[in-house]
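Q: Just so you know, the sequences run in chain order A and B. Here UniProt numbering is used: position 202 in the first sequence is 202, and no number is missing along the way. Here UniProt numbering is used: position 120 in the second sequence is 120, and no number is missing along the way.
These aren't lab readings, by the way, just hints derived from the structure by calculation. Take the hints with a grain of salt, since some may be wrong.
[Unchecked claim] Okay, derived cross-link-like pairs now, DSS-like style, lysine-lysine, Cα gap no bigger than 25 Å in a straight line:
| # | chain 1 | residue 1 | chain 2 | residue 2 |
| --- | --- | --- | --- | --- |
| 1 | A | Lys66 | A | Lys38 |
| 2 | B | Lys123 | A | Lys7 |
| 3 | A | Lys131 | A | Lys103 |
| 4 | A | Lys566 | B | Lys150 |
| 5 | A | Lys50 | B | Lys150 |
| 6 | B | Lys150 | A | Lys433 |
| 7 | A | Lys315 | A | Lys103 |
| 8 | B | Lys195 | B | Lys148 |
| 9 | B | Lys99 | B | Lys148 |
| 10 | A | Lys7 | B | Lys195 |
| 11 | B | Lys153 | A | Lys433 |
| 12 | A | Lys117 | B | Lys150 |
| 13 | A | Lys131 | B | Lys153 |
| 14 | A | Lys594 | B | Lys123 |
| 15 | A | Lys433 | B | Lys99 |
| 16 | A | Lys117 | A | Lys66 |
| 17 | A | Lys315 | B | Lys53 |
| 18 | B | Lys44 | A | Lys628 |
| 19 | A | Lys117 | A | Lys103 |
| 20 | A | Lys580 | A | Lys566 |
| 21 | B | Lys27 | A | Lys38 |
| 22 | B | Lys27 | A | Lys66 |
Please read these numbers as outputs of a predicted model, since none were measured by experiment.
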Amino acid sequence: MHGRPRKASNPEEEAASAAKAVKLRSLQSQFMKNHHDKIYTEEAIELSMKLLEINPEAYTAWNYRKLAVEDSLSRIESDPNLVNSILDEELRVVESALRQNFKSYGAWHHRKWVLSKGHSSIENELKLLDKFQRLDSRNFHAWNYRRFVVELTNRSEQDELHYTDDMINNNFSNYSAWHNRSVLLSSLLAQNADGFMPNERIPDEYDLVHSAIFTDPDDQSGWFYHLWLLDQTLNVETPLLTSSWPSHGSTINLSGAGCLNGSSSKFTTFCSESGSFPLILYFDQAVGGVSSSTVTIDSELKGNEDLVWEPISYKNSQVSCVWVTHLKYVSSDPCEYKVKIRVGNSPGIVSSRGHNFRAPYEFVFTAHVHDTVKDSQEGIVSWTDGFDIWDAKSMDLNSLITLDQLQAEIDFKWRQEAIDSEVECFGILSDSKIGNLTLARLLMAREAMLSDDAVKGVRYEEILQLYNDLMALDSSHYQYYKDEHSVAFLHKVTSSSESLSRHLFRYRGMNNLVCLRLNNLSLSRIASVEKLLFVQMLDLSHNELRSTEGLEAMQLLSCLNLSHNKIRSFSALDSLRHVKQLKVLDVSDNHIGKHSVDTTRYLCSSPLSNSEWSQDDVGRQNPGLVTKYWDAYFVLRDLKLKQLDIAGNEISGNEFSSFVLQVVPKLVWLDGQKLGN
Amino acid sequence: MFFYMQILDIAGLQNEDGSFSGDIWGKVDTRFSYIVICCLSILKCLDKINVKKAVDYIVSCKNLDGGFGCTPGAESHAGQIFCCVGALAITGNLHHVDKDLLGWWLCERQDYESGGLNGRSEKLPDVCYSLWVLSSLIMIDRVHWIEKAKLVKFILDCQDMDNGGISDRPNYAVDIFHTYFGVAGLSLLEYPGAKTIDPAYALPVHVTNRILFTK
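Based on the sequences and whatever the hints tell you, model everything.
A: Written out as structure tokens, the structure is:
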């Protein structure tokens, strides 16, 4: 029940209501008897109509009428006049019911059912729709019915687009019309239909939506359409390779376990106990089809035929922005090997929107394999002591800041012009929320398209200021702007080697391994991971992070500090299950166990989302604890942690600690204490 | 008892394109997809339907604003969004949702004045959306994008302090649906004293955990 004022009813109203109820109940019981006894006489059918006139939501009455119609049709030998008169009557009943309640699901569906029997003219239906859409232009039943009629009668998309023109020109505050327009236009653009080339059409659409936004900046009707236009402007359909590790032109140093305890490690030293290193491909959109036939590897490193590529994504998904394989090397065979990777060697890499990765892209790096000298030690990793400032002169960072794949798009020009023009327009709306937000988004879009290093970084201050202003202007959505601020901030940090180098340190305890320190920055979101694939040690402590979403691409990460953040549960750390190198994890002083509502409950792979899971000994022996600490169980059992810190959370305690020790039997350090074996 | 239910009937209502009809008369709506998936998951026989096709159909109802409608091409509506996001959550397919895009659409349902949520833009706030919008935001981990305290106040303002119950908006008539949605909303907002419910099933968490964690 909606929209009925609360008031005490007087005796007359109550009596009238009671009388109406009696009448309705009597009608209903007579109707149900007819229905159960399959009585389809004229009288019975009229009774159903009486019921529907009072209550168009009597769903069973509509179905009864369908049965009655089918019964009548079976008796009259396809005389077209008789058929028409039967169906006409149904249309009339529907129309009268809709006058009672133009949102009745049952009534609209009954009309569709009649129409699918090949009855009524398109003009009649469109006339009816016009009537209802004038009564309420947001009536989604009417819009759905319109789409149904259009499909049934093959009305052209261009004609329907003109209809949205009329609706919008009549009243721009019509989200339903904008929505319909977006559906039609995206279809026409995808077909490259006549007069629907993006470079001409999209700028026109910007002009059209300005009328909606600038007339009343508080009306949301045009906001989402504008955002869609921005997406159409920015996003190139063809998938591109954004970054890789190792990157083009770089030299990586490989060794066996314990290499970090030897002499001063170079910037790009990677140690592995398994004798393999990851090869990471990061695309600008989710793609499928990365395999040993679509990506070829040319190298003298032995044992690397028919590599298996894995998408870094949820269990059910076959597509991802990030793909990984592992190349083997033998550390007792020290040498320098050139490795050539050819992405898109044969067709097969396809975006989730169905577009092919076109030009094969080649990149080359050198793998310098070193001898392993010492056994690995397992000293505790400290996040506070033993850090030196990274010496900027010692290594050229540019080989690590991976280069964006050259944009081979010829029609880049119209995109930049459109963004520039929008930036100019929205500069005027500076005191409105949507003005500030759109301007911030446009400036971010422009930064993404620029490739000149010198220009980059300059306008980030403006973007960050806009988000700060929005946090004050629209405090209800403070956290939304905060998240966007964090994203822009991280884009700024990773926009140049100079700004990134300010956050790099060397950790003496692991033989000068490079550590990226992004602590105490009020970060509430992780971003720009495609520029940080080289990171092995990451300090994100003392921030406002709620989850590790995004970190799954950091396939080299072995040490992670998340202490003093806002993590509420282990399910929020689900992305770490993909980070197979992770050995050291600090989640102390968070909010794990503090909140009853788990907002990442369905964003992790578990029985709750009907994922298959294999029962292990821990599960068999402690079903109660597995249910109680299910998210910790599923995340920790997939990792091979050596060092874990969980103190300072509501969940911490003897019960949880002993459960952790069962799930992670190879753990060496827990909350700073060495575990006895 | 449940094992004797005729579950095959529900599976029989799945169409070629993965959608579900409400009954033999063939009306298709993503609400039915949610109902089937929710019920079969609780009964632990999701394998009776073609889950991949069901998911594909739901994804085909995804709109350019990140939301979902009742059928492909239909306008985004908070109720339908709840059904689609819930069905995708239960089947482990939330990666199909653009969480940032949909999250923004959903958080903009909050009315600045009253703190209540509406179901579509330029519509009035209504307590039932405290469940549809709120659950959806929670399932995609974007609930921190609304102002929770203001929403709590809106729900409490919709109470009938004399006769009890909660209405769709302040000073309107109460009914059992809005009372339920209001209480469920308060639970999802961690209101003291409210038992925790699961956002996809709207059942208490201890119930869903017990059902789904038992092999």
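Q: Look at each hint and say if it fits the structure.
A: Results of checking the hints against the structure:
Under the criterion of a C-alpha separation no larger than 25 Å, the hint pairing Lys66 of chain A with Lys38 of chain A is consistent with the structure, at around 12 Å. Between Lys123 of chain B and Lys7 of chain A the alpha-carbon distance is near 24 Å, which keeps this suggested pair within the 25 Å criterion. For the hint linking Lys131 of chain A to Lys103 of chain A, the alpha-carbon distance of about 14 Å falls within 25 Å, and the restraint holds. With a C-alpha separation of about 22 Å, the suggested pairing of Lys566 of chain A with Lys150 of chain B holds against the 25 Å cut-off.
For the suggested pair Lys50 of chain A and Lys150 of chain B, the alpha carbons sit about 45 Å apart, so the restraint of at most 25 Å is broken. A hinted pair counts as satisfied when its Cα atoms are at most 25 Å apart, and Lys150 of chain B with Lys433 of chain A qualifies at roughly 19 Å. Taking the CA atoms of Lys315 of chain A and Lys103 of chain A, the gap is about 40 Å. The hint is violated against a cut of 25 Å. In summary, the hint linking Lys195 of chain B to Lys148 of chain B is supported, as the alpha carbons are separated by about 17 Å, within the 25 Å threshold.
Of the pairs offered as hints, the one joining Lys99 of chain B and Lys148 of chain B holds, with about 19 Å between alpha carbons and a cut-off of 25 Å not exceeded. Distance hint between Lys7 of chain A and Lys195 of chain B is unfulfilled; the C-alpha atoms sit about 31 Å from each other, more than 25 Å. Restraint check for Lys153 of chain B and Lys433 of chain A: the C-alpha separation of about 24 Å stays at or below 25 Å, so the hint holds. Restraint check: the Cα-Cα separation between Lys117 of chain A and Lys150 of chain B comes to about 51 Å, which exceeds 25 Å; the hinted pair is violated.
For the given pair, Lys131 of chain A sits about 39 Å from Lys153 of chain B by alpha-carbon distance, which is inconsistent with the 25 Å threshold. Proximity of Lys594 of chain A to Lys123 of chain B is assessed by CA-CA distance (about 35 Å); at most 25 Å being required, the pair is judged violated. Between the alpha carbons of Lys433 of chain A and Lys99 of chain B the distance comes to roughly 21 Å, so the proposed pair stays at or under 25 Å and holds. Taking the CA atoms of Lys117 of chain A and Lys66 of chain A, the gap is near 11 Å; set against the 25 Å cutoff, the hint holds.
This hinted pair checks out: Lys315 of chain A and Lys53 of chain B have alpha carbons roughly 17 Å apart, not beyond 25 Å. Annotation: proposed proximity of Lys44 of chain B to Lys628 of chain A holds, straight-line Cα distance about 20 Å (limit 25 Å). At roughly 23 Å between alpha-carbon atoms, Lys117 of chain A and Lys103 of chain A fall within 25 Å of each other, so this suggested pair holds. A C-alpha spacing of about 24 Å is found between Lys580 of chain A and Lys566 of chain A, which places the hinted pair at or below 25 Å, so the restraint holds.
About 22 Å separates the Cα atoms of Lys27 of chain B and Lys38 of chain A, which keeps this hinted pair within 25 Å; it holds. Only pairs whose Cα atoms come within 25 Å are accepted, and Lys27 of chain B paired with Lys66 of chain A is accepted, the gap being roughly 13 Å.
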